[in-house]
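Trainee: Just so you know, the protein sequences line up as chains A and B, in that order.
So the first sequence is residues 24 to 186, counted in this note's numbering.
So the second sequence is residues -12 to 566, counted in this note's numbering.
Do not take every clue at face value.
Said to hold, decoys possible - Derived list of chain A stretches under chain B, where covered just means 3 residues or more per stretch with a C-beta under 8 Å from a C-beta of chain B:
1. 37 to 49
2. 123 to 132
3. 160 to 169
Stated by the list, open to error - Dumping the calculated DSS-like pairs for lysine-lysine here, alpha-carbon to alpha-carbon at most 27 Å:
4. B:Lys119 to A:Lys89
5. A:Lys95 to B:Lys119
6. A:Lys89 to B:Lys338
7. A:Lys89 to B:Lys179
8. A:Lys95 to B:Lys301
9. B:Lys285 to A:Lys85
10. A:Lys85 to B:Lys129
11. B:Lys301 to A:Lys85
12. A:Lys85 to B:Lys311
Hint data in this document are derived by calculation from the structure and do not stem from the laboratory.
Predicted model only: the values in this text are computed from it and were never measured.
Backbone N, C-alpha and C fix where the C-beta goes; we use that ideal spot for every residue, glycine too.
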Amino acid sequence: MRHIISILIENESGALSRVAGLFSARGYNIESLTVAPTEDPSLSRMTLVTSGSDQIIEQITKQLNKLIDVVKLIDLAEDAHIERELMLIKIKTTDKNRAEVRSMADIFRGRILDITPETYVVEMTGPSEKLDAFIAAVDADCIIEVVRSGATGISRGEKGLHL
Amino acid sequence: MELSGAEILIHSLKDEGVEYIFGYPGGAVLHIYDALFKQDDVKHILVRHEQGATHAADGYARSTGKPGVVLVTSGPGATNAVTGIATAYMDSIPMVVISGQVPSAVIGSDAFQEVDMVGISRPCVKHNFLVKDVNQIAETIKKAFYVATTGRPGPVVVDIPKDITDPRFKVPYKYPKKVSIRSYNPAVSGQKGQIKKAVELLLEAQRPMIYSGGGCVIGEASKELTEFSHLLGYPVTNTLMGLGAFPATDKQFIGMLGMHGTYEANMGMHESDVIIAIGARFDDRVTGKLDEFCPYAKIIHIDVDPASISKTVKVDIPIVGEVKPVLEQMIELIRESKKAPDKKALDAWWKQIKLWQENDCLNYDRESKLIKPQYVIEQLYEVTKGEAFVTSDVGQHQMWAAQYYKFDKPRRWINSGGLGTMGFGLPAAIGVKLAHPDADVACVTGEASVQMCIQELSTALQYKTPIKIINLNNRYMGMVRQWQEFSYESRYSHSYMDTIPEFVKLAEAYGHVGIRIDKPEDVRPTLEKAFAMKDRTVFLDIITDQMENVYPMIEAGKAHNDMKLRVAATGTTTDRELA
Ligand SMILES: Cc1cc2nc3c(=O)[nH]c(=O)nc-3n(C[C@H](O)[C@H](O)[C@H](O)COP(=O)(O)OP(=O)(O)OC[C@H]3O[C@@H](n4cnc5c(N)ncnc54)[C@H](O)[C@@H]3O)c2cc1C
Ligand SMILES: Cc1ncc(C[n+]2csc(CCOP(=O)(O)OP(=O)(O)O)c2C)c(N)n1
Ligand SMILES: [Mg+2]
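Only chain B is shown next, with the shape it has when bound in the complex (with noise of 0.2 Å):
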């Protein structure tokens, strides 16, 4: 079969099994739109913005674990496409960009709309290739998918000079079936000694803590995870990004760790003498001080990225290798063993992890006339029957979101935890949504994030994806004006926009139903209503209490054991010998 370059990128494509492409056309990549209009195996989105292109592609892709696909234009669209390959790339979240050059004749001479996408993209994408030859696009893509979803997966931008897929030239086609690249080979099952060494260690363990991170997500490890916890009986922490890999219904789960983690999840980790972190990457926000994190523990990391392994924390147990297989080889050498958990001083622990959490630490208000944040995401988990995929922005909302919907199961709460970048929510929802049409899709976001791409709200009309969008709308960047509060003697600088727009209006102006909510009686049934609207776009403008703060909080630079909360804490116990 001969083909044109722009022809043998859809094929490769199509081979590749992808369904959507996520993408703004422009004149570098007009042959390949051609192509992509003689065909309808692989359907192209069209957003509003390169960056929603891209947080859309995330979207699917989390929700999936399938690689999200990209295809902008040269120079702007390419920098557009950059913000949202950094939130992939962070996250590690596999994604492949496609991004359109200049002619190979005139790269480097400045030419319109050039911008060397390669060394821009460098340092935020696990790698990219600049495709020279047109008999190179097969093989290239086929590479780029192999890198993104392999090992610690990422994003790959594949940069493909107009002419090379010039429509008057024809190669023969053909997509590899398998690649491999010489300096490119992950490691998977981790090493046996290291394994039984950390089972040794875990059984022995006093205070353990299970501290279970993305990873346990990305590398569809929850049933794995679930059962290995189950199995010994220990507490069970998840990071911002292991949400539902663990069931936080679950009585062993105690809650999200780090910043804004639970008084008993960060007490535990701080008190305990046994932690296995299992795809977690002793994130900042997760460890606060470095100097004073954990100084009791032992700890035991499972990492297939070995420049995880001992990046902050120095770690004495490192098992580099993918989380499933080398969980299935714990649980069957716990399985095996003649030891058991010591059941005295797990239940001394337990007693003393229930001391901490009599302290309700993420209890708020409930007789408030206001609405209360906290209060809209406990209806929105139960209205949703705890089944929807939640994506969020980024703030303060992002945080209740996280701390009160109740993820039991993996891959439903989307959100940029590593960039923590705004602007996400809204066309990750629809990403979300094309993955799966029948599911509930909300995305719990503020009037400041929603505004940096909600000009995808025109996206999600064109393609029929009704997301429910949830503006907890406080009328201040919360997030910044929390920490001014704290730190700034609240000096709100620039924290507050006078003019915000009236959202039902603009929702309508979009093509889809806008309702305000400014009373706590009212939120329930709303959200039912919005709920029960299957093929709506609903945007909630519910008008929450401008002054409420997310607590627990350790502010920067502080330990785990030194965290700020609502109410003071009681039991608060830094006798280790007291339960």
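With the rest of the complex left out, here is chain A (with noise of 0.2 Å):
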């Protein structure tokens, strides 16, 4: 199964290798990754996209833990949340197809944010079954690049994960 797991890390210059090094090194699945600074400037929080059993989940999330530079995490799977990814992707427009693609755009509500007489530049969030769709939709020839953020994501209701 897909898990989402954030992580509180100290904002500091190994901390990423070591996750990334955890990974590679026990030959645990990662999807994608991101890491940005927080809010305090100490921390920086981590948003893993990984999938595997049970077992192997319950691993990643104890070894993660045993970092010392983890300060916390939590497996967003486990309760209700919010997930989003950012995706930029430049379409080849022609006469024909140049509306089709701008509606296909609206329908998945997307912005564009370029246009030259060939390209489009398309702006699109959501969660990444729905980019995933929207890149299925385009027909395939036609794109020229493909930029995804990778997922992030946060709990509904009132629980936070902070210190």
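Could you use the hints to bring the two separately framed chains together as a complex?
Mentor: Printed below as a string of structure tokens:
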């Protein structure tokens, strides 16, 4: 099963490589990883998407918790949560498909950020699945470039990941 | 007090109570060596190879429970230390390794003797630090010792760029009394509810087993383990790392379990209905085939590291905490409980175990004209009255030492179990002897292993650490040869060394006593003679039966009840109602 693990980690130079190294050393699957500072400059927040059996996910969370730099973590998949990913996609346009691409972007609540005679750049956010669906809907031959941020997420309700 | 970075480092070690530092100098640590020169609180032991430094520090740590401390230079000094760091990591040994680094300004420029030590050591340390500011040295050292020695212990590397130790820059020094790390709070006492549930399950057991490991040695819980086991009257088996945590001569002890464990211990595990694992980590050399591991048992597991729990074997009652306080609570609950162990079931269980024991699985040919390695260990046990510290290398000799030397006390059996590092034994023995100058220290080794750190014989002379090297010389990498005999139709591919040094001369060249033994009748008197030479390191080159194998053996991928014995077992029952 797919899990989104959200981690508060000390904002130190080696911290990211400790997490990445753990995954490669133990052969855990890593789908995406995002990192950015938080409102507290001493902490970074990392969101990691992985998959595996319950036993593997349990080991992953335990091994992550064991890293001295990891302050706290939650597995968002355990509870109601919101997931968002940002995508920028550059699409080749012609007189024939231009209108269609624009309306598709509308349907998926995307925004067109840049237009040239032959291209559109569409910005879109949503759960990763929605972005997958948009990519599948666009004619593969017309896709010039896809940039995805990797998923981030937050739990619903009062619960929060903080010190 | 204003001090340079180098002086702060040495003062910090002194304030941390460090007695010995094992090291080897080089460019990046010259400021530190200069500071060492000007004091004599912290004693420096100059090894002959950085791997030797880490193993000696490790032996010191294993035999005392105190952290071992190492100092190496950047680049090759640091990489040479990695094997010893990984060795300590796998066996959860507290160690602090200080490595020099090139000056901050040139880090990342492929400077002379630059290697990314923080990166290289990351997968085999509990934690590591790169010190970027002279004002942070004292606190970082305090943190390093705190992390290395608490929770599940392990090695910590502190990498210090040369400019940080520059004698020209002085800053105020104060060693912190305490540190706390907000993201690091190891569990201690264990959840009360879980402990209660565990005790209830234990008291209902019909065929119980106590499976204790290195955590009982590391956690100083021998006394509690022994009391707990006596209170219940249940059979006890130890892992290789747990030997000595429960007395081997106690009648409840049924030997080591696992790949080269006893028949009774492995059969007992297989047939058991309730197992309590105490500071043991279900290593693959212990479990054998996972699908068939302890098929009838409910499992209780006490471990300070949550990641050790249900890692390979799913357990029924996990208890996260230190063994000592958890066992203390269990002892109290058992005492208070109205229930007692089921005497009838326990009698039947012991009867079954006795049947298994009748196979005498550790028997060997005592009439042989050749020196049997098992005989040597039995004689070593007698000559040292079971009181010696025994270090070992890796191979058949290691298993024989574990099987035939009956350790009654913890911290006496010093070996590399998790990484299985050949070359460990000799430097480790030096570390042990420094910590216990009045005790007998023996290094049981093989002619292949001992050559991996043989240069440390020179260190042993310089620091007058008289150890006894028991070289079980079978002219083979015996353990490799044994696997080739069993699994590769005796094709002994590169497991024999055509040229083996004359160890007697080698020992003499290093300034020690060397004696060769090739007759069984000479073993006992020569051992006595060697141990009587209190102030000399003696190298006993003992020519043993070349083809001897370690039995019992569970071959890789097989289950506990599928053991290879020297003589086929009788009274082997799979009928669990028999007894
Ligand atoms: C050639 C060779 C053959 C081998 N054959 C065997 C064999 O037949 N049988 C065998 O048993 N081993 C054998 N080994 C060793 C094996 O590889 C493992 O090293 C060993 O089994 C691990 O022992 P352990 O489970 O006691 O764990 P250790 O490695 O000692 O780990 C200790 C555990 O206790 C925990 N712990 C530490 N401190 C505390 C505390 N204070 N409180 C609570 N928990 C704590 C740790 O988190 C860890 O999980 C062999 C090794 C070699 C090289
Ligand atoms: C550094 C290292 N290299 C290789 C091995 C693999 N290995 C395990 S036992 C062994 C042979 C050891 O031979 P010896 O020291 O003579 O001991 P014996 O088995 O003959 O008692 C080898 C090569 C190892 N454990 N460590
Ligand atoms: Mg050999």
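Trainee: Which hint numbers does the structure go against, in order from smallest to largest?
Mentor: 2, 3 and 6
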